[in-house]
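A.B. asks: Each chain is listed here by its residues.
2 protein chains.
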Amino acid sequence: METALDEIRSELKALGEDDDIVSIDTEDLHAHGYSEWSTVNPDGLPVAVVYPRSTEQVSVIARICHKYRIPLIGYSGGSSLEGHFSAPYGGISVDFAYMGKILQFNKEDMDIVVQPSIGWQDLNEQLKQWNSGLFFPVDPGPSAKIGGMIGTNCSGTNAVKYGTMKDWVINLTVVLADGTIIKTRRRPRKSSAGYNLNGMFVGSEGTLGLVTEATLKLAIVPEETSVAVVSFPTIRDAASAAAGVMQAGIPVACMEVMDDVQMKVVNLGGATAPKVWKEAPTLFFKFAGTKASVQDNINRVAAITKANLGSNFEFARSESEQKLLWSARKESLWSMLALRKGSEQVWSTDVAVPFSRLADLIEISKKEMDEMGLFASILGHIGDGNFHESIMYDRTNPAEVEKVEMCVKNMVNRALDMEGTCTGEHSIGWGKKASLLREVGPDTVGVMMQIKKALDPLWILNPGKIFDVPS
Amino acid sequence: METALDEIRSELKALGEDDDIVSIDTEDLHAHGYSEWSTVNPDGLPVAVVYPRSTEQVSVIARICHKYRIPLIGYSGGSSLEGHFSAPYGGISVDFAYMGKILQFNKEDMDIVVQPSIGWQDLNEQLKQWNSGLFFPVDPGPSAKIGGMIGTNCSGTNAVKYGTMKDWVINLTVVLADGTIIKTRRRPRKSSAGYNLNGMFVGSEGTLGLVTEATLKLAIVPEETSVAVVSFPTIRDAASAAAGVMQAGIPVACMEVMDDVQMKVVNLGGATAPKVWKEAPTLFFKFAGTKASVQDNINRVAAITKANLGSNFEFARSESEQKLLWSARKESLWSMLALRKGSEQVWSTDVAVPFSRLADLIEISKKEMDEMGLFASILGHIGDGNFHESIMYDRTNPAEVEKVEMCVKNMVNRALDMEGTCTGEHSIGWGKKASLLREVGPDTVGVMMQIKKALDPLWILNPGKIFDVPS
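Residue numbers (the numbering used here), protein chains in the order written: chain A, 668 to 1138; chain B, 668 to 1138.
If you are wondering where the hints come from, they were derived from the structure by calculation, not from laboratory data.
Check before you lean on any hint, since a few could be wrong.
Remember, identical chains collapse to one label, so a pair may be satisfied in a single copy or spanning two.
Okay, derived cross-link-like pairs now, SDA-like style, lysine to any residue, Cα gap no bigger than 20 Å in a straight line [claimed, not checked]:
no.	residue 1	residue 2
1	Lys945	Ala886
2	Lys1070	Val1013
3	Lys1034	Gly683
4	Lys774	Gln914
5	Lys850	Leu1083
6	Lys1008	Ile848
7	Lys997	Asn773
8	Lys1033	Gln1012
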């Protein structure tokens, strides 16, 4: 290991790099191998963290690590939830912190070239400052960065209208396991030239290569937006209203559900005070388009929700009202985290099912959690059949940990039985490998592993994630 | 070969199959190895055509061919343009003609499970007959079938609004080279569980597996549609109007361009008589949405096209007017084909560029063709920066063939120099391998070949397509 680090230092120095990009600081190692957000934290920490400044430096690092068979684990926002950047086999964490720039903005083509460590919120802030009229629509957790977003094929509240990360990537520059630098394609918005390597690297969690540059599509900022909120007697009524909206083809920009517990949590958290929310299953809508179409969408959604026993339909008449109405959705996770006491943690997980099954799944899962005496809230991207469960638990209490694990396992298995997936947007990481295997079966995981083996025969890229390292 | 065919026959008989699914009829072999549409037809024909009835039969065929190292080439609509289903290494053509059924329709989830040999038009006809309110939006050539559409990651006029084939696949059942049957995932509309195998198989041209079943997303039939047509003094004016429409974020359902030659061809063809078209660069728009939004879109497009010197803006007030106005676009290819005399053929090819470069590329390419004395028309999916060139030529005249080949090569190279792709929707096949190599470079093609080798080490699946068989 020492030899490898020395080689990295000396090769980069020979290339003109003045700074020492290698860190072996204990706190740094811990911050790059452990996450308080994550549902799992396997034993082990990285042995070093490197902070490359360019694609070429990443290539040097990979080449040397390849030579010495040292694991390489990409790191950007650090906000993933399934132990994605953990280091169960040690190795080097590659933190892209110094690679967060916008490299090229092609306004006319509505695309932008960025480095992996730019946050999606910072990217959008810059696009706003430039008065570009454009934005990047994929909106996961606020601290997520483009590199990790590519790794997990993330999405967020905008996915029902705009799709997921894979839909917004035009090309990627990738450093392969042996240091080879490739670019997946040039800059056309559409192509059917050869294998869709964008689609393969997006969602591969850093197990096939390290993304050092990405060209992303941008979307037009809509002329007008609005927000509406409506409560329902039961989750089933909310789900059936949501299905009605989808089946009517109303192009909502977002459609989110929060259960009674989650609404209560927001009230308790106090972040949206003085507004007090009705503690009932609630749908949150965002609308975007022209002034006329937004008004038309609001009217149609109001009618559909009313027909499904919706009440308290409120819609925003101004930008400040939009912010207020959306605040409960925005503060949901923080409100839950704010309620933690002592050694309590929040287990946050997601599944997705064909949307006709969503109400069934939520109802059964809530019932089980109640019966087990667990405090848990549900919120979801209901238009995608994707929802999140946040369960409060004490990580130091083995009985409670066991209960949470069983609850999550049961929920995942039920989602699979309903032809769903064990994760709609968080991806597999270290935590959901068994679920993936159950979901697609050994032959399909086998195909994934054959691809892995072809591109990374020494298995140095983020080993132990998505599937186990073959013995 | 005989042994293999006998084994296939006897294994299937043992499984209860009464029909002989193997054909060695000379005409059949020719029809499955040669295409009059294609830009290229390598030497060689399949030695047999098999007509499987089920995934299990395909698996038996693959297993036996794997054992004897016999090439396997998928076949569905036969309308591809770059020699995709040609048999340069002989082998067996797997024609899915008897696998064209709808297996399951999940109306509430807005998805449908189909076999590979259903045509997209037949699928839509069925959805209409069921009054489902749903449709499948990917619209390549009329005779294309789902299997080939998956193979080529095709698209069509709807792509500007609805995206391409890869965006509409929920899961695939695939028979691998050795006969193993896998399913890429279950039935959630959104997932980030493991590698995106859908994205990998879509566009892989049957070189990684044979798709025997697909679950496809469906879209809502819009409440209202309309069509508008507008002429411009130059292609550049048309392109700049199109860019204006994109940059204003007007959600057009289709936006097509046809050049003066193509408009003239439609008039000459007479298929839209008595309507006579202005022989000038022309944009065709489709609008879809609510009544109010369609009207709003028409008004805004009219204003933008006018500001870009558009004239003769016509929009449809009825369904029959819609058909009439769209007829020129619809009849464009047939009109060109109708003009062929004697041994003349039409070379039809496509490229895509970032859309700011589209006008440049079209202008230069047209100029070159004029100077060479070639008769060629251009039509394109301008919102995607994707266009088609149809060049009339005499296949029996080597000098003319050489000229056409040089023209196409130059156009592709110019597209690449403009950061584009050698194919926006036709894909690589046998014809565009050199272009792909120039487009992404040997290291990126190398990654594709490593994936190929991992999944098909004997290189029996559609060998010679996308990249050469390694020596």
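A.B. asks: Is it within a copy, between copies, both, or neither that the alpha carbon of Lys1008 lies no farther than 20 Å from that of Ile848?
C.D. replies: For Lys1008 and Ile848, the Cα distance exceeds 20 Å both inside one copy (48 Å) and across copies (50 Å).
A.B. asks: Classify it for me, Lys945 with Ala886: is the Cα-Cα distance of at most 20 Å met within a copy, between copies, both or neither?
C.D. replies: neither (34 Å within a copy, 34 Å between copies)
A.B. asks: Check Lys1070 against Val1013 for me: Cα-Cα at most 20 Å, and say if that holds within a copy, between copies, both or neither.
C.D. replies: So Lys1070 and Val1013 pass the 20 Å test inside one copy only (13 Å; across, 68 Å).
A.B. asks: Could you figure out if Lys997 and Asn773 sit no more than 20 Å apart (CA to CA) within one copy, between two copies, both or neither?
C.D. replies: Result: close neither inside a copy nor across copies, 31 Å intra and 33 Å inter.
A.B. asks: With identical chains treated as interchangeable, where does the CA-CA distance between Lys1034 and Gly683 reach 20 Å or less: within a copy, between copies, both, or neither?
C.D. replies: Neither: 62 Å inside a copy, 48 Å across copies.
A.B. asks: When no copy is named, should Lys850 and Leu1083 be tagged within, between, both, or neither for a Cα gap of at most 20 Å?
C.D. replies: Classified as between; 14 Å across copies, 36 Å inside a copy.
A.B. asks: Is it within a copy, between copies, both, or neither that the alpha carbon of Lys774 lies no farther than 20 Å from that of Gln914?
C.D. replies: between (35 Å within a copy, 9 Å between copies)
A.B. asks: Treating 20 Å as the Cα threshold, decide for Lys1033 and Gln1012: within, between, both or neither.
C.D. replies: within (19 Å within a copy, 65 Å between copies)
Hints 1, 3, 6, 7 from the list above are not met by this structure, while the remaining hints are.
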